[in-house]
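Engineer: Residue strings, one per chain:
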Amino acid sequence: MIMFIDMMNAIREFMDTGGQVLTVIAVVIFVMWLLIFERLMFVFYGYRKVKKHLQQTWFSRSEQHSWYAEQIRTALVARGSAKLNQNLPLIQTLVVLCPLLGLMGTVTGMIEVFDVMAISGSGNARSMASGVSRATIPTMAGMVASLSGVFASTWLQRTAKRETELLEDSMPVAH
Amino acid sequence: MKKIINTVSGLLLTVTTSLSYAQQAANLDELLNQLEQGKIAQSEQNRLREAEFKAKLSQQDQLLTSAENTRDQQIALSNRLEQDFQNNEIKLANQSDALNKRMGELKELFGVLQQVAGDTKSKFQTSVISAQIPGRDVFMEELAKSMGSSSKLASIEEIERLWFELQREMTQSGKVAKFTTEIVLANGERKQSEVTRVGGFNLLSQGKYLEYINETGSIAELIRQPSARYLATAEQVTLAPAAITPFALDPTGGSILGLLVQAPDTQERVEQGGPVGYVILAIGLVGLLIALERFITLFIVGAKVSRQLKEKTACDNNPLGRVMLVKTQNPDIDTETLELKLSESILREVPKLSSRLTLIKIISVVAPLIGLLGTVTGMINTFQAITLFGTGDPKLMAGGISQALVTTVLGLVVAIPMVFLFTLLHTRSRNIINILQQQSAGIIAERAEAEKGA
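Going down the list, the protein sequences come from chains S and D.
Going by UniProt numbering, 53 is the number at position 53 of the first sequence; the sequence numbering is gapless.
Going by UniProt numbering, 82 is the number at position 82 of the second sequence; the sequence numbering is gapless.
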């Protein structure tokens, strides 16, 4: 329990030194990883059921070579692909947003540094330190967040593409 | 009043006499005559005065001798007094010598007393405890002054009072005390209110931080309060001072809190951005409105499309329904013509769904660019300030730099939500277009087969 409180305090202190932008970045990271985990769960568990259902619909058809059949197959594949690609653009956007937010943190931190200069009228490095930490910590956090998301989102996109192709291949058209 | 009347009448009299003279002297000969007569009268007068003076000669001699006597007496007195003064000087020097000898170590003690009293005075002036116990620095100042003059000695009472005040400051700085006094609210109103003092650090009232202004001896509410998290702890302390509560205190005794007033708030920050900042905000507002309109439209269209997916009959109030109507309106055409007609009707629907989305995308790209523009103009201002005033004062450069940075921030503040909104809207419209492009034919085929089967 005490360890937990210590940890909470450490996190809180870190958030304080990073400023408000760090909170926003934290929220973005949280949402991003929530979406990524949801996608991972779908790819590993939920998708199997969907795939089976689509294949069953296709194989239960009596004829598989007319124009109608081909359109239905395209529609089935599109449905599967839509399921696989759901939320992926959002994850991608959040990945892109993280460094932007970091940049925003940098600029707001620099504003704070110059505020200190304007108020104290001196170049006292110690009084500027809080602004500098607010400038650098969000940048770092934004970079880390975006790096962590880049791998996951790339992998998810490749998987979605491959699975769509596999789905297409697994539903042969009889000629 | 009477006096004035007298003066005026006197004046009038003089005027009339001079007038009469002028009348009398109308003739030059007459004037000469008069002058001659006047001369005779004057010499007569002079002769009379001379005689009189001669008669009084002996009396004048007497007066002179008495005056000389008096002068001699005064000189003698002055000499005597001067002698006395010199004697006294010597006596005084001897006495003060004796005093110094007798004071000896005590003199050092008075020096220390003076120093301590001076230090304590300045400490009391800044201490928040003075808000509760006013007037302590007056005594300290007087004591320091009288110790400095060296003609006065400190009485035991005064020394004990100094001790008492020092001890009281120490004791009070370890206490959380409540007292009622007049405070100046942020809007300038004066009000009797209960004030909680936390040691020698902070003054609180109704969950707000106060500052003690020594010059006027008044207690004022800070115009800008620290963030809500700290105010909550302040409120807890005012509610339950006896219990142990976490509290955010200002260890400098109010000077850090005082600096809060100088830090600009959000509105002032935006104003620092200047015209460029307002342009960015206006663009952002336009983007937001467009996004809102798109959200509502796409939500309605999406709901109608998903309802259409479940219904059997095609309805022409939604894109999917309109595409599906192509089949119902042309029941007997061959598949290739049907495909052509389908893609034609889809092409008609797509622009309606993706319209204005590019505008949001453009805003998300343009906003940081305008921010960059603001940065550059701000830097130009800074360098202008440097050319005019040199680099000596960083305060002069701060204005341009804050404009530069604030516009960058505003650019990012507008761009980030725009990127996000664009993605959301784009996904939504893509989903609908996807249904139209890839699934409409399939849906039509499924329906046709179902009808055939049934």
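By construction, these hints were calculated from the structure, which means they are not laboratory data.
Keep in mind it's a predicted model, so treat the numbers as computed, not measured.
All C-beta atoms in this analysis are idealised placements derived from N, C-alpha and C, irrespective of residue type, glycine included.
Treat the hints with care, since some could be wrong.
Said to hold, decoys possible - Take a look, some chain D residues computed to stay more than 12 Å from chain S by CB distance: (1) Thr-245; (2) Arg-322; (3) Lys-395; (4) Ala-398.
To be verified - What follows is a set of in silico ranges between Cβ atoms, one per label pair, in the way DEER data are often shown: (5) Ile-5(S) to Asp-119(D): 39 to 45 Å; (6) Ile-133(D) to Leu-147(S): 55 to 61 Å; (7) Ala-10(S) to Glu-311(D): 41 to 47 Å.
Said to hold, decoys possible - Calculated pairs, SDA-like style, for lysine to any residue (alpha carbon to alpha carbon, straight line, at most 25 Å): (8) Lys-452(D) to Ala-174(S); (9) Lys-83(S) to Lys-452(D); (10) Lys-341(D) to Arg-430(D); (11) Lys-310(D) to Ala-174(S); (12) Lys-161(S) to Arg-428(D); (13) Lys-83(S) to Gln-438(D).
Engineer: Compare the structure with each hint and give your call.
Structural biologist: Comparing the hints with the structure gives:
A cut-off of 12 Å between C-beta atoms confirms that Thr-245(D) is not in contact with chain S; the least separation is 17 Å. No Cβ of chain S approaches the Cβ of Arg-322(D) within 12 Å, the least distance being about 18 Å, so the stated non-interface status holds. Once the 12 Å rule is applied to beta carbons, Lys-395(D) is inconsistent with being away from chain S; the minimum gap is 5 Å. Some Cβ of chain S comes within 12 Å of the Cβ of Ala-398(D); the nearest lies about 4 Å off, and the non-interface call is violated.
A beta carbon spacing of about 42 Å between Ile-5(S) and Asp-119(D) agrees with the range 39 to 45 Å that was offered as a hint. At about 60 Å, the CB distance of Ile-133(D) to Leu-147(S) agrees with the hint of 55 to 61 Å. At roughly 57 Å, the beta carbons of Ala-10(S) and Glu-311(D) sit outside the given window of 41 to 47 Å. With a CA separation close to 21 Å, the supplied pair Lys-452(D) and Ala-174(S) stays within the 25 Å bound.
Between the alpha carbons of Lys-83(S) and Lys-452(D) the distance comes to roughly 30 Å, so the proposed pair goes past 25 Å and is violated. Proposed proximity of Lys-341(D) and Arg-430(D) is supported: the alpha carbons are some 21 Å apart, at most 25 Å. Of the supplied pair hints, the one linking Lys-310(D) and Ala-174(S) is violated, its CA atoms being roughly 29 Å apart against a limit of 25 Å. Proposed proximity of Lys-161(S) and Arg-428(D) is supported: the alpha carbons are some 20 Å apart, at most 25 Å.
The suggested pairing of Lys-83(S) with Gln-438(D) holds, with an alpha-carbon distance near 14 Å, which does not exceed 25 Å.
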